[in-house]
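Enquirer: Please model the entire structure based on the sequences and the hints provided.
What follows is the residue order along each chain.
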Amino acid sequence: MKKNIYIILFTFTILSGCSPDRIPEPINEEEVITTLTIELTPNNGGDIVTLTSRDIDGDGPDAPEITVSGPLVANTTYSGTATLLNETVFPAEIITEEVEEEGVDHQFFYELGGNVNAAITYKDSDLNGDPIGIEFTLTTVSAGSGSLTATLRHKPDKSEAGVRDGDITNAGGETDFAQIFNITVE
Amino acid sequence: MKYIGIGIILLMSWISQAQECNITLSGKVTDFHDGNPLFNATLSVVGEDIYAVTDFDGHYKLENICAGDHVIQVSHPDCDTASFNITINSNTQRIFKLEHHIEELKEVTVTGEKFKEETNSGTEQSINQGTIEKYSNASLGDALREISGVSSLNTGSTVVKPVIQGLHSSRVLIINNGVRLKDQEWGVEHAPNLDVNSASNITVVKGAGALRYGGDAVGGVIVTDGRVAPVKDTLFGKTIFNVATNGRGLSATSSLLKAYQTGWYLKGQGTLKYAGDLEAPDYNLSNTGSHEKDFSVGFGLNKFTYGFDAFYSYYNADIGILRASHIGSVGDLIRAINSDKPTYIDNFTYDVNAPKQAVQHHLAKLSVFKRFENAGKLSVDYSYQFNKRQEYDLRRGDDKDNPSLDLELKSHTLGANFLWDSRDNLEANFGTEVSYQDNFPDPDTGIRRLIPDYQMYTAAGYATFDLNLADNWVVDAGLRYDFVRIDALKYYLNSRWEERGYESDFSNIVQSRLDNQLLANPVFDYNNLSGTAGVKYIISDKLVSRFNLSSASRSPNPSELFSDGLHHSAAIIELGDLRLEKEQSYKASLSLEGSFNRFTFGVNPYYNKIDNFIILEPFGVQQTTRGAFPVYQYNQVNARLFGVDVDAAYTFNDNFSLQSNLAYVNGQDLDRDKPLIDMPAPNFTNTLTYSSKWHNLTLALRSQSAFTQTRYPDNDFIVPVPVNGTQVDTKVEISKPPAGYNLFHFSSSIDLPVTNSSNLTLGFYVDNLIDTNYRDYLNRQRYFVDDLGRNFRIQLKLNY
Chain C
1 MKKNIYIILF TFTILSGCSP DRIPEPINEE EVITTLTIEL TPNNGGDIVT LTSRDIDGDG
61 PDAPEITVSG PLVANTTYSG TATLLNETVF PAEIITEEVE EEGVDHQFFY ELGGNVNAAI
121 TYKDSDLNGD PIGIEFTLTT VSAGSGSLTA TLRHKPDKSE AGVRDGDITN AGGETDFAQI
181 FNITVE
Chain F
1 MKYIGIGIIL LMSWISQAQE CNITLSGKVT DFHDGNPLFN ATLSVVGEDI YAVTDFDGHY
61 KLENICAGDH VIQVSHPDCD TASFNITINS NTQRIFKLEH HIEELKEVTV TGEKFKEETN
121 SGTEQSINQG TIEKYSNASL GDALREISGV SSLNTGSTVV KPVIQGLHSS RVLIINNGVR
181 LKDQEWGVEH APNLDVNSAS NITVVKGAGA LRYGGDAVGG VIVTDGRVAP VKDTLFGKTI
241 FNVATNGRGL SATSSLLKAY QTGWYLKGQG TLKYAGDLEA PDYNLSNTGS HEKDFSVGFG
301 LNKFTYGFDA FYSYYNADIG ILRASHIGSV GDLIRAINSD KPTYIDNFTY DVNAPKQAVQ
361 HHLAKLSVFK RFENAGKLSV DYSYQFNKRQ EYDLRRGDDK DNPSLDLELK SHTLGANFLW
421 DSRDNLEANF GTEVSYQDNF PDPDTGIRRL IPDYQMYTAA GYATFDLNLA DNWVVDAGLR
481 YDFVRIDALK YYLNSRWEER GYESDFSNIV QSRLDNQLLA NPVFDYNNLS GTAGVKYIIS
541 DKLVSRFNLS SASRSPNPSE LFSDGLHHSA AIIELGDLRL EKEQSYKASL SLEGSFNRFT
601 FGVNPYYNKI DNFIILEPFG VQQTTRGAFP VYQYNQVNAR LFGVDVDAAY TFNDNFSLQS
661 NLAYVNGQDL DRDKPLIDMP APNFTNTLTY SSKWHNLTLA LRSQSAFTQT RYPDNDFIVP
721 VPVNGTQVDT KVEISKPPAG YNLFHFSSSI DLPVTNSSNL TLGFYVDNLI DTNYRDYLNR
781 QRYFVDDLGR NFRIQLKLNY
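Protein chains in written order, with our numbering: chain C, 1 to 186; chain F, 1 to 800.
Please keep in mind that the hints were generated in silico from the structure rather than gathered at the bench. Remember, predicted model here, so these are calculated numbers, not experimental data. For each residue, glycine too, the CB sits at the ideal point set by N, CA and C. A hint or two may mislead.
[Unchecked claim] Below, computed lysine-lysine pairings styled on DSS-like, alpha-carbon distance capped at 27 Å: (1) F:Lys-258 x F:Lys-377; (2) F:Lys-341 x F:Lys-736; (3) F:Lys-303 x F:Lys-28; (4) F:Lys-341 x C:Lys-155; (5) F:Lys-609 x F:Lys-582; (6) F:Lys-400 x C:Lys-155.
[What the hints assert, rightly or not] Listed next, the stretches of chain C that the computed footprint assigns to chain F, with coverage defined by at least 3 CB atoms under 8 Å from CB atoms of chain F: (7) 47–56; (8) 61–67; (9) 106–115; (10) 141–151; (11) 174–181.
[What the hints assert, rightly or not] The following label-pair restraints were derived from C-beta to C-beta distances: (12) C:Phe-90 x F:Thr-432: 48 to 56 Å; (13) C:Asp-165 x F:Gly-397: 26 to 34 Å; (14) F:Asn-638 x C:Glu-100: 51 to 59 Å; (15) F:Gln-511 x C:Glu-65: 29 to 37 Å; (16) F:Ile-509 x C:Glu-65: 28 to 36 Å; (17) C:Glu-100 x F:Ser-735: 40 to 48 Å; (18) C:Glu-100 x F:Arg-711: 50 to 58 Å; (19) F:Arg-711 x C:Ser-125: 48 to 56 Å; (20) C:Glu-100 x F:Asp-444: 21 to 29 Å.
Expert: Here is the structure:
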């Protein structure tokens, strides 16, 4: 019995000694989308309108900060560009590049709500000729205020009814990003 | 008178010594442990036609033996057959000692193998080889549902976790060939990493009574035993093939055992399972295929007084997770709940793509034992386990083929047990166990670690006693102490560290601070005391009652302490709590078993009070770039569970019998006075069996009913969800259990002789006979899809 106790103690010492305390390296997630910037540039000159949603701690407890630089102008055609960033790493990683590379598996959807009288059409396309939505055109008609919801879906079914035209209803897939911006057209 | 008799024999043998084959071997056969004589033991001289049977005093006499070397074989109905080499030149007296243990070794009728009760007073139930074989292409959790009061918590139908009387995961210990399985059992979507085909008998102890295996069995213990090698020259094996229509699955399992009269044995077993997408009655369940490769090998020596067993098993499974259950936001979850068909359906494939789990488990063990005459048996076990778990999500960019979770868990355990059984009416076990565990989450995933790097040290000691007070009274009791130290290194986001209030309580454990995160070194010690006491009273030869009180003590597991992140299939943010304390259960269980002519029954009511019961409960909503997510955090409450398991069987005649079982469990959070989540709904199973002696033909129809669970906590939550461009406050109805259901299953089998020593059993099964659409409350994919549709299955079993 005594011998056994020694064996136990000996083995335990070995076991506890064999794995030195390693300090794990920190992980900065590369796939996290912290920031969406939508830049709306009037085709015929004027003020650029920038919509930004930034959540530096990703899935952490802090809520995203949302800013809209100013109102849109009625009866104007804007060229829109969406940029997704991961700002937890330095320099910030541009996620939009990956989205573009895997355009077949991604699509941005833009929905207008409230009293915003405007139309949005896609300007870009993936390898199958279906839209991705990084580049788009926004044409305002009359004054009003409401919201713009930007959603990025991963693996949407682009062949379903309305999806190619930007209707999210039948798109399926899972949501990689979703944010609502309050906008005004003057 | 006796002495004179012996004297005459001696004298006679002296006279007859000159004659060549006229030697007499005489003496006694006794119990190795206590020296008591054994009645009705058969002795034979191997190779000769010489036999003898012991009388009431254990005496025997073998006559007319030739001089020279002989093998004497001694057998007894309650003992393993033993052989002894002996050289005889003259009349000889010899005492043979047999290992006689009717209390310890209860015969099992079906396979004829030895089967040991784990506790005397605790409630336990077993499934035998026949039942296990029926589930040869399924999982441990599926097979165990045959036992009343055992249900399962599923993620789809391929990840099946056993639930004992309402409790699961870290609260249920699984013992594989004497080794406690350490396979990241904390996760509700982690199925036991064990091939059901490696077991020849599975016992479920419904409570903490089996202290030798651990003190934290708040729910119970599942003990799977491999095939015991007989001490004789033999070679046997079996092969089972399954073909199933649902999932177009194939499986094969084969085992072989070679044993020698000298006590040596060698055994091996292997299983292959290959199945594609499963089907609900109305649609394909895309990405629910699974591929599994398992094997185990062992060898050892089983002598009377000493022996050893070396065992290695390997489990490897790739399990597809329903594609439609992978969601990115609460909006996706709402879409899934509101849609009557899954949001993703593709054509059938055998491929298993992301999201999926890839799991490997290695288990190696060495046990040695030595028996000491008039004392007992000392056994020492060492085991090493290596568990690798990779979970793949749908990812983007360069990380597309990388797992999002990659954990390596190594566990070493060393234990010693001394069984003291030299007293007739008392059996005691004294043991000690130490273990070391190391978890390594691979940072190459590029995703923040769900479970951190940690090392865990445990040391335990226990003593248990079984005392036969009288022929019909057995008392048992036990006590166990466990020391647990967990030493972790974990990165917290600064924002999370603040939000949890750790800065004020735990700033002393911060090792280093980076820009947006910090490294903490929590070291926690837990002192756990568990115990059991009970009595078994044999009322009559038809009625046995048992009453048991047990208390189990469980330290919080790594997931409860450290979880910190988003759960993809549930769309919740799950948060651990460093402040959690151990939970302690106090369970009383009563069992009454009866057997009257045609009617047998078992009733098992229980009451389980659990202090500091660790639950995961909702705690507000958090905004992210994918919308709002509900936050769930681990919390401790005082809880109680009570319920009853009932089994009954009635034999109408030689051909027809009816078997029923029923289980009810009621769980309540006493602090908040509301029901506990995920309690199995009351369920009721009836099996009508026709069996005939003609080729052992059996036909059975089984009806399985689950009632609607009406007791559930209301965890519905309201979140703003973008609908047509505006934020609309939407109620997410995640709480309400699905409606009850009733399923029918058909099974049949027939034996066909092939040769003298081998026979073929042909089985035909239909699960969900009428293709009923249903969803089960304890299936985590119930929000997304219906459960399995009809399945035809053919099984071929060859015994040889």
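Enquirer: If I claimed the Cβ atoms of Glu-100 (chain C) and Arg-711 (chain F) lie 50 to 58 Å apart, would that claim hold in this structure?
Expert: holds (51 Å)
Enquirer: Can the stretch 61–67 of chain C be counted as covered by chain F under the rule of three residues or more with Cβ-Cβ separation shorter than 8 Å?
Expert: Since 4 is at least three, the answer is holds.
Enquirer: Is the hinted pair Lys-609 (chain F) and Lys-582 (chain F) satisfied, with a Cα-Cα distance of at most 27 Å?
Expert: Roughly 14 Å separates the two Cα atoms, so the pair holds.
Enquirer: State, for the Cβ atoms of Gln-511 (chain F) and Glu-65 (chain C), whether the hinted interval 29 to 37 Å holds or is violated.
Expert: Given range 29 to 37 Å: holds, Cβ gap about 30 Å.
Enquirer: Taken at face value, is the distance from the CA of Lys-377 (chain F) to the CA of Lys-258 (chain F) at most 27 Å?
Expert: holds (25 Å)
Enquirer: Take the C-alpha atoms of Lys-303 (chain F) and Lys-28 (chain F), compute the straight-line distance between them, and say whether it is at most 27 Å.
Expert: holds (20 Å)
Enquirer: Hint says 26 to 34 Å; check whether the CB-CB distance for Asp-165 (chain C) and Gly-397 (chain F) agrees.
Expert: Roughly 28 Å apart at Cβ, these two residues keep to the hinted range, so it holds.
Enquirer: If you draw a straight line from the CA of Lys-341 (chain F) to the CA of Lys-155 (chain C), is it 27 Å or shorter?
Expert: holds (18 Å)
Enquirer: At the C-beta level, are Glu-100 (chain C) and Asp-444 (chain F) separated by a distance inside 21 to 29 Å?
Expert: With a Cβ separation near 25 Å, Glu-100 (chain C) and Asp-444 (chain F) satisfy 21 to 29 Å, so the hint holds.
Enquirer: Cβ-Cβ distance between Glu-100 (chain C) and Ser-735 (chain F): within 40 to 48 Å?
Expert: holds (41 Å)
Enquirer: Kindly confirm whether 48 to 56 Å is satisfied by the beta carbon distance between Arg-711 (chain F) and Ser-125 (chain C).
Expert: holds (54 Å)
Enquirer: Are Lys-400 (chain F) and Lys-155 (chain C) close enough, with their CA atoms no more than 27 Å apart?
Expert: Measuring from Cα to Cα gives roughly 13 Å; hence the hint holds.
Hint violations for this structure: none, all hints satisfied.
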